[in-house]
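Construct the entire structure; sequences and hints are all you get.
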Amino acid sequence: MSGVADATTTTRPSWMTASGIRTLVREHPMVPLVGLLALLVALSEVIRPGIVSPNWAGVLLRGAVPLAILAACQTITMLTAGIDLSVGAVASMSGFLVATLVGDTGLVLAIVIALAVSALVGLVNGIGAGVFKVHPLIMTLGMSLVVLGLANVWQVMRVQTGSGVPTEFRQLGANLFFGFIPVNLLLFVPLALLVIFTLNRTGFGRLLYAIGDNPVASRLSGAKSWQVLAVLYLISGVLAGIAGFLFSGLTNTASVTLADSALLPSVAAAVIGGTSIFGGRGTYSGTIIGALILTVISSILSSLGYPEAVRQILFGSMIVFVAAAYTRITTD
Amino acid sequence: MNAAVGAAVESRSSPLATLGRLVRRNVWTLGLLVILALLLVATKIIQPSYGPAGIQGLAISVLPLALAAAAQTSAVLARGIDLSIGSMMALTSVVSARLMDDQTEGFAILVVAGVLILGLVIGAVNGALVVFTRVPDIVVTLAMLFVWAGAALLVLNTPGGGSAKWLSDLTRGPLFTDWLPQAAVLLVAVVAVIWIPIRRSRLGLSIYAVGSDPLAAFRSGVSVTRTKIFSYMLAGLFSAIGGLALTATTGIGTPVPGPYTLMSVAAVVLGGVSLAGGRGGIFGPVIAVIILSLLRTDMTFLNVDTNLATVAQGLILVGVVMVGSLIQMRRER
Chain V
1 MSGVADATTT
11 TRPSWMTASG
21 IRTLVREHPM
31 VPLVGLLALL
41 VALSEVIRPG
51 IVSPNWAGVL
61 LRGAVPLAIL
71 AACQTITMLT
81 AGIDLSVGAV
91 ASMSGFLVAT
101 LVGDTGLVLA
111 IVIALAVSAL
121 VGLVNGIGAG
131 VFKVHPLIMT
141 LGMSLVVLGL
151 ANVWQVMRVQ
161 TGSGVPTEFR
171 QLGANLFFGF
181 IPVNLLLFVP
191 LALLVIFTLN
201 RTGFGRLLYA
211 IGDNPVASRL
221 SGAKSWQVLA
231 VLYLISGVLA
241 GIAGFLFSGL
251 TNTASVTLAD
261 SALLPSVAAA
271 VIGGTSIFGG
281 RGTYSGTIIG
291 ALILTVISSI
301 LSSLGYPEAV
311 RQILFGSMIV
321 FVAAAYTRIT
331 TD
Chain X
333 MNAAVGAAVE
343 SRSSPLATLG
353 RLVRRNVWTL
363 GLLVILALLL
373 VATKIIQPSY
383 GPAGIQGLAI
393 SVLPLALAAA
403 AQTSAVLARG
413 IDLSIGSMMA
423 LTSVVSARLM
433 DDQTEGFAIL
443 VVAGVLILGL
453 VIGAVNGALV
463 VFTRVPDIVV
473 TLAMLFVWAG
483 AALLVLNTPG
493 GGSAKWLSDL
503 TRGPLFTDWL
513 PQAAVLLVAV
523 VAVIWIPIRR
533 SRLGLSIYAV
543 GSDPLAAFRS
553 GVSVTRTKIF
563 SYMLAGLFSA
573 IGGLALTATT
583 GIGTPVPGPY
593 TLMSVAAVVL
603 GGVSLAGGRG
613 GIFGPVIAVI
623 ILSLLRTDMT
633 FLNVDTNLAT
643 VAQGLILVGV
653 VMVGSLIQMR
663 RER
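Residue numbers (my numbering), protein chains in the order written: chain V, 1 to 332; chain X, 333 to 665.
Check the hints yourself; a few may be wrong.
So, partial list: chain X residues that the calculated Cβ filter (under 10 Å) puts toward chain V [unchecked claim]:
| # | residue |
| --- | --- |
| 1 | Ala481 |
| 2 | Leu594 |
| 3 | Gly651 |
Just so you know, these hints were derived from the structure itself, not from any lab.
Keep in mind it's a predicted model, so treat the numbers as computed, not measured.
Idealized CB from N, CA, C, for every residue including glycine.
This is how it looks when you write it as structure tokens:
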């Protein structure tokens, strides 16, 4: 980011000029993101020499994975100029549901039920946004209240509170192979590849970009936007449900508000990763880097030993700064 | 935009036609008032003992939320959205609580004035960041949510501080008759005193113009930059008053933001303000907040599980907006 100012003064090779960098960045949006990530990792090492180790990276990656899955929900919905504010409630609910059901139904059935409920919530979101044209912000906000309330009712009915996170989830969400490869990558890598493949190589992915880029043109070209949105939000719900399993496994707790605190960072991760909130522009690979950047930032802030207050201020300022720098480089 | 034309015509037409136009223009707000009246009657039927005490409790509990709704309206009308309202309220609340603790009543007047200025300043920071970074409103204010919440924690790490007696007294007790809570009068007075002059001024007109179509407004010579920053300053000011109301009604400052931001978005939409900007007024959302709170009270009287009340709130939010957009779609057809 600071390279822009330097480049304008030196100007020799063409790719080093401001406009050259802009072109480079616009064509390869991952370059500055990966650069920033590397910079932050280097910064961690400078602040705490010796901290960067395979284990450190593994722990960070492990924490970034559930966030990256929630951010996938934001990425795919933002492509159509939407947003999914129900992912926090859905993820918490799904983890909680499995933890309370697993004793009675067995793990597989519990997972199926949790994912089915998540999908149902997503479908309702999609029908509200697609058929009734309710602003996605309002639709998903309303549904998150509904999910939270119902999850609380379920909690009261079951009394038993969240001691039953299945061992499988704990192993999947919290363990590290050889002390540095997070087990949750087993789930995340195929999932991420699937999302990237769907966005880049399938008609459905194209439709998402088309609807977000120009809703009128896509309608005139025969895209049934309500069908696309219904499926889209359903997928978003399922992804949130899966993220919920990892959250509950990672923390070994099941609570109806477990993933709430990850909602706003998931939006931030997608935005930092270069997804436009106005639709039509963004990639999931960018979002993954965005989630990693946020995770490294919060790890740096906590390793500095600042109080919570200062950490929050710096965290917010950095989001504004990164988003502003990115907007400045990629637009006009 | 319509307001200027409307005002010019109004002065020449008969009072009855003026009244008709007034009703037509505020049909959503009037509808909300009718619903509120019906709900109050229903509450009295459900709980015959519901009286002045209940209404006073309602007014006090609604006060901070209604001011948050007013703040959100200011931002949304100019096609923005402010997700940092809850944090700004927390920050202004702890600042006022900390400064007023163990101080003289006179000093508290200075504190109140200072906190209002603080609200304008932090609102201006939000607005300036939105305008000058060209990052979407929702992202900037989302990030500022962390910044202001962190600042609130810096001021007071745990709930504490105090409130001046006169400030707390302003929100407590009835005025003139038992049925008129002072908090309600305060709310209407504050919102009206700030909003009506602005609404009638050039600035108010430019807020609506920028909200309806920023490009058209820009080409007509409206400064979009200045208008947007101003709308965020107004949001900051209302949040600061909300923060003062929190301190006054609870007697302490709490650094952790309450659920005000998301509820304010809900109230704005229920209050007939378009999220696309430029349409709606400030009183609709305020009444919507009162309706939502009263519904919750009623459900408590009916022994409905509070969790189901949350569900109902979500369904009402979604349902009302669905009906609204269905009406809109049929009209367009």
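To see whether the hints hold, each was checked on the structure:
1. Annotation: Ala481 of chain X was flagged as interfacial toward chain V, and the flag holds, the nearest CB pair being 6 Å apart, inside 10 Å.
2. Proximity of Leu594 of chain X to chain V holds as hinted, the smallest CB-CB distance being about 6 Å (cut-off 10 Å).
3. With 10 Å as the threshold, the beta carbon of Gly651 of chain X comes within range of chain V, its nearest partner Cβ sitting at about 8 Å, so the hint holds.
Violated hints are absent here; each numbered hint is respected by the structure.
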